[in-house]
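Note that the protein sequences, when read in sequence, are chains A and B.
Position 51 of the first sequence, counted from 1, bears residue number 51 in our numbering, the numbering being contiguous throughout.
Position 29 of the second sequence, counted from 1, bears residue number 1029 in our numbering, the numbering being contiguous throughout.
Everything labelled a hint here was simulated from the structure, so no lab data went into it.
Please note that a few of the clues may not be correct.
Straight-line distance between alpha carbons at most 25 Å, and here's what the computed DSS-like set of lysine-lysine pairs gives [as the list claims (entries may be wrong)]:
1. B:Lys-1103 x B:Lys-1114
2. A:Lys-73 x A:Lys-2
3. A:Lys-42 x B:Lys-1103
4. A:Lys-13 x A:Lys-45
5. A:Lys-45 x B:Lys-1114
6. B:Lys-1103 x A:Lys-45
7. A:Lys-36 x A:Lys-13
8. A:Lys-36 x A:Lys-26
9. A:Lys-26 x A:Lys-45
Source: prediction; values computed, not measured.
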Amino acid sequence: MKNIKVLGPGCPKCKTTYQNALEAVKQSGVEAEVEKIEDIMKMMKYNVLTTPVLMIDEEIKVRGRVANVNEIKDLLTE
Amino acid sequence: MSEQTLIKEICPTTTRDWLADGALLVDVREVQETEALAFDEADMLRIPLSAFEERYSEIPKDRTVVMACRSGARSLRAAGFLANHGYDNVVNMQHGMLRWAEKGFPVKGSEAEKARKGESDCCSQPGCC
């Protein structure tokens, strides 16, 4: 199962990215869990600077902007 | 402001004392924000968060560094980044430019006059989080 993390302090862009990740998982049929991480200590552990950040299996894929559904689907099936 | 223990946080008043004692202020806000309203401090660096990963090595490791932004959120992440990259003397200025300007501390830029009167809307624009 893939692990998707959306890191950010909960701003509108973070929420949109999180919803897009849920939709991408649904549309792609890939087995994945989606986590929203708003805890500052965890964000610091991952050296998050600009937000939101999208990670897949502990690898940063998108940072500082909203990732759209199709983009996330492509990343899931890479 | 945040439940974290990695980075010490100080207020704008304490920040001014530290700057007077030789600490370096690092502003991580984006260019359009700093052009509108900037800390009027002679000895400081401006490294936008969007360029921080490439430029953080411009920050000296042998000085105490106070990180700042609009509200203290972005600067806290930048401070955490520095702590994870070998910087031992990094603190975060809580409440950022919002509180600094509110306190009437030195500012400059196109919004400075308004900020001094507490009217600046520059601080109300979300510089993102």
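Hints, one by one, checked against the model:
Distance hint between Lys-1103 of chain B and Lys-1114 of chain B is fulfilled; the C-alpha atoms sit about 13 Å from each other, no more than 25 Å. For the suggested pair Lys-73 of chain A and Lys-2 of chain A, the alpha carbons sit about 12 Å apart, so the restraint of at most 25 Å is met. With a C-alpha separation of about 32 Å, the suggested pair Lys-42 of chain A and Lys-1103 of chain B falls outside the 25 Å cut-off, and the hint is violated. For the suggested pair Lys-13 of chain A and Lys-45 of chain A, the alpha carbons sit about 21 Å apart, so the restraint of at most 25 Å is met.
For the proposed pair Lys-45 of chain A and Lys-1114 of chain B, the alpha carbon gap of about 38 Å is over 25 Å, so the pair is violated. A hinted pair counts as satisfied when its Cα atoms are at most 25 Å apart, and Lys-1103 of chain B with Lys-45 of chain A does not qualify at roughly 33 Å. For the hint pairing Lys-36 of chain A with Lys-13 of chain A, the CA-to-CA distance comes to about 12 Å; that is within 25 Å, so the pair holds. For the proposed pair Lys-36 of chain A and Lys-26 of chain A, the alpha carbon gap of about 17 Å is at most 25 Å, so the pair holds.
With a C-alpha separation of about 29 Å, the suggested pairing of Lys-26 of chain A with Lys-45 of chain A is violated against the 25 Å cut-off.
The structure fails to meet hints 3, 5, 6 and 9 from the earlier list, while all remaining hints are met.
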